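All chains, please: the whole structure from these sequences, using the hints.
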Amino acid sequence: MQLTRTQTARAHSRRSLTDVQIQVLFIAPTIILLVLWNIFPLFYSLYLSFTEFSVIKPDVPPAWIGLQNYNKLLNDPRIWQYFTLTGRYVVITVALQAIVGFGLALFLRERFKGSGLITTLILIPIMMSPVVIGLFWKLIYNPAFGIFNYLIGYSVPNSGPDWLGEASRALWAIIIVDVWMWSPFVMLLCLSGLKAIPDYLYEAAAIDRASPWFQFWRITLPQVAPLLLIAILFRTIEAFKTFDLVMGLTGGGPGDATELIAVYLYRAAFTRFTTGESSALAYIILVIVIAVSNLYVRSLNRIRGENH
Amino acid sequence: MADIELQQVEKRFGEQYAVRPLDLFIKNGEFVALLGPSGCGKTTTLRMIAGLETVSGGKIILNGQDVTWLKPSQRDVAMVFQFFALYPHLTAWENIAFPLQAEGESKENIKRRVKEVAELLRIEPLLKSRPGALSSGDQQRIALARALVRRPSCFLMDEPLGALDADFRETMRSEIKRLHILQNATTVYVTHDQIEAMAMADRIVVMSQGVVQQVGTPAEVYHAPSNLFVAQFIGSPGMNLVRGNWADGVVTLPGDNRYTPPAGWPEALNRGLSGSGVIVGFRPEAVNIHPNGQLAAGVYSVDLHGSYTMLVLEMGDDHSIHARVSRDAHFTVGETVRFDLTPSMVRFFDPKSEKAIPIINHES
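So the sequence lines, in the order shown, correspond to chains D and V. This note's numbering applies: residue 136 is where the first sequence begins, and numbers increase by one. This note's numbering applies: residue 134 is where the second sequence begins, and numbers increase by one.
Calculated from the structure, these hints are not laboratory results. If you're wondering where the values come from, they're calculated on a predicted model, not measured in any experiment. Just to be clear, a hint being listed does not mean it is correct.
What the hints assert, rightly or not - Among chain V residues calculated to face chain D with C-beta under 8 Å, some are: (1) ALA183; (2) LEU185; (3) PRO205; (4) VAL210; (5) ALA211; (6) ALA218; (7) TYR220; (8) PHE231; (9) ALA235; (10) GLU236.
Stated by the list, open to error - Below, a list of computed lysine-lysine pairs in the DSS-like style, where the Cα atoms sit at most 27 Å apart: (11) LYS207(D) x LYS192(D); (12) LYS330(D) x LYS207(D); (13) LYS248(D) x LYS261(V); (14) LYS330(D) x LYS204(V); (15) LYS204(V) x LYS192(V); (16) LYS240(V) x LYS261(V).
All C-beta atoms in this analysis are idealised placements derived from N, C-alpha and C, irrespective of residue type, glycine included.
Structure, rendered in structure tokens:
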């Protein structure tokens with residue numbers, strides 16, 4: 136009897152919370168964090184982008200200057216130069232990652248002895264910190280004792296190119312590291328796409344006398360396309376924001392040969408502390424990233440529509 | 134158009150036989166059904182002919198050419214799969230055009246031939262849809278069109294109606310039959326449905342546990358099954374099989390029944406039986422009920438099937454047999470009926486070897 140009463144009481148107290156209340160209770164912490172760390176900074180920085188302000192002068196309040204920050208940035212030839220450089224970097228590195236990653240996925244698609252181990256080994260770069268990667272690739276690229284030049288055929292120390300020190304090569308040096316680091320990510324997504332293609336499609340294609348080449352273009356690629364596109368979308372957004380690798384490898388140099396837009400933004404915000412102006416630049420980058428990813432999402436939806 | 138010849142073709146997985154050495158000759162234009170319960174090796178046999186499965190031994194000869202070790206693409210075969218195997222990201226038109234595009238046919242040719250085959254199968258309105266948007270019957274029509282469009286020398290069909298709804302199945306059955314007559318292409322058709330095999334095939338290959346049990350026309354496998362498996366498997370219900378004893382010119386059956394075999398059979402039984410035991414086999418429609426019948430049995434149940442009535446009779450304890458009688462006849466459960474068997478429809482089996490006893494001067 137006693138027990139039954141306690142149970143009823145508990146059931147009552149539980150019932151006193153409606154389903155909606157429970158939902159709110161579970162969602163609230165996330166919402167609060169999101170507002171504090173994402174929504175508020177987002178709108179506050181939008182406000183700051185229209186002001187003259189520096190965080191190291193907290194006693195000087197933000198002064199409203201309208202579109203002046205944007206005006207200045209968009210008329211600055213250097214900004215356009217860095218955007219162009221970033222664009223080139225993004226296109227080259229993402230294209231290479233897509234090709235290398237997809238190739239690796241094709242190679243690892245068939246199970247063979249040791250394929251599991253090889254897959255794990257290939258994934259290691261993703262798990263490492265970009266700063267650490269920057270540091271040891273600096274050693275790898277070192278013209279005096281680095282192994283990179285040795286592997287590409289310069290066996291005498293200091294005879295090969297200084298990858299990080301020459302303006303014409305520094306961007307490529309970063310691209311090589313980025314491809315090395317992130318191709319496995321593309322591979323992972325493509326691999327799951329490849330493994331989901333049912334065998335019977337290839338059996339039907341074999342009966343239909345399709346050559347391996349024809350099968351690749353007409354079955355494999357279209358079937359993996361949605362996942363490949365998602366991988367490319369992620370990598371494009373990430374590549375646009377590349378910062379840590381550059382800081383670790385070249386610091387934007389030599390000169391401004393590897394001054395990607397995110398590196399420049401970092402300098403504006405945290406070396407020169409032109410907070411208002413850098414907020415405006417951040418917004419320009421945001422708009423570009425949203426525009427580019429929208430293009431991807433659109434073509435992704437188109438492909439998905441075809442698959443159903 | 135082509136002949137297909139299998140010589141001692143077998144498939145082993147380790148020590149396990151999926152298909153025991155098998156000989157089969159399928160002549161040009163023939164419609165052959167591989168029939169058997171699941172796991173009997175019929176699909177494996179078909180896939181070996183297609184080249185999707187390698188053989189463990191033997192030879193496959195297609196149109197006089199040894200194709201045993203050729204790839205599917207090097208054999209002139211088309212296949213229809215049980216679950217259609219359409220390319221989901223391509224439209225129906227693109228699916229049908231796929232084999233032609235793979236061969237590098239010209240655009241006009243492809244257009245013309247897809248149109249022809251779409252007209253033949255009456256699927257023109259579906260050509261722009263993707264497989265996912267089509268009913269299973271329409272998907273199988275597209276798959277048939279894809280197989281037909283290349284005009285291969287033979288068609289292999291792996292339970293093409295297995296994934297369809299019952300009412301669709303009959304429509305598609307007659308469509309495939311009509312196509313076969315129009316195209317006159319050699320067709321190998323795998324099914325577990327004996328009605329399908331009986332209705333469509335010129336010849337039926339009955340398989341069980343990787344072994345061919347009998348090869349014959351539908352009438353042969355139905356009326357003269359070569360062993361107990363075929364007798365039970367073909368027909369629904371299967372052949373009535375009643376265990377008895379053969380002595381002094383009479384077969385003693387359960388329920389104190391004594392049956393005199395028709396003319397010609399006593400000699401065959403004396404010669405063919407390994408002991409005194411015998412199994413008498415007869416189809417439900419071989420049972421003729423009349424008051425002076427030689428045999429007697431009790432009525433166990435009376436099932437009206439619309440156009441006829443199926444009686445379940447009990448001969449002695451636990452020996453039930455099926456009898457097909459006119460739908461106008463009336464019986465009450467529990468009453469005893471007397472009947473005879475149509476002499477030409479009675480078969481005898483040896484209980485030990487499970488094989489049919491052959492008779493020489495007797496036509497089925």
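A quick look at each hint next to the structure:
no.	hint	result
1	ALA183	holds, 6 Å
2	LEU185	holds, 5 Å
3	PRO205	holds, 4 Å
4	VAL210	holds, 7 Å
5	ALA211	holds, 6 Å
6	ALA218	holds, 4 Å
7	TYR220	holds, 6 Å
8	PHE231	holds, 5 Å
9	ALA235	holds, 4 Å
10	GLU236	holds, 6 Å
11	LYS207(D) x LYS192(D)	holds, 22 Å
12	LYS330(D) x LYS207(D)	violated, 51 Å
13	LYS248(D) x LYS261(V)	violated, 44 Å
14	LYS330(D) x LYS204(V)	holds, 23 Å
15	LYS204(V) x LYS192(V)	holds, 14 Å
16	LYS240(V) x LYS261(V)	holds, 17 Å
The structure is inconsistent with the numbered hints 12, 13, although it conforms to all the rest.
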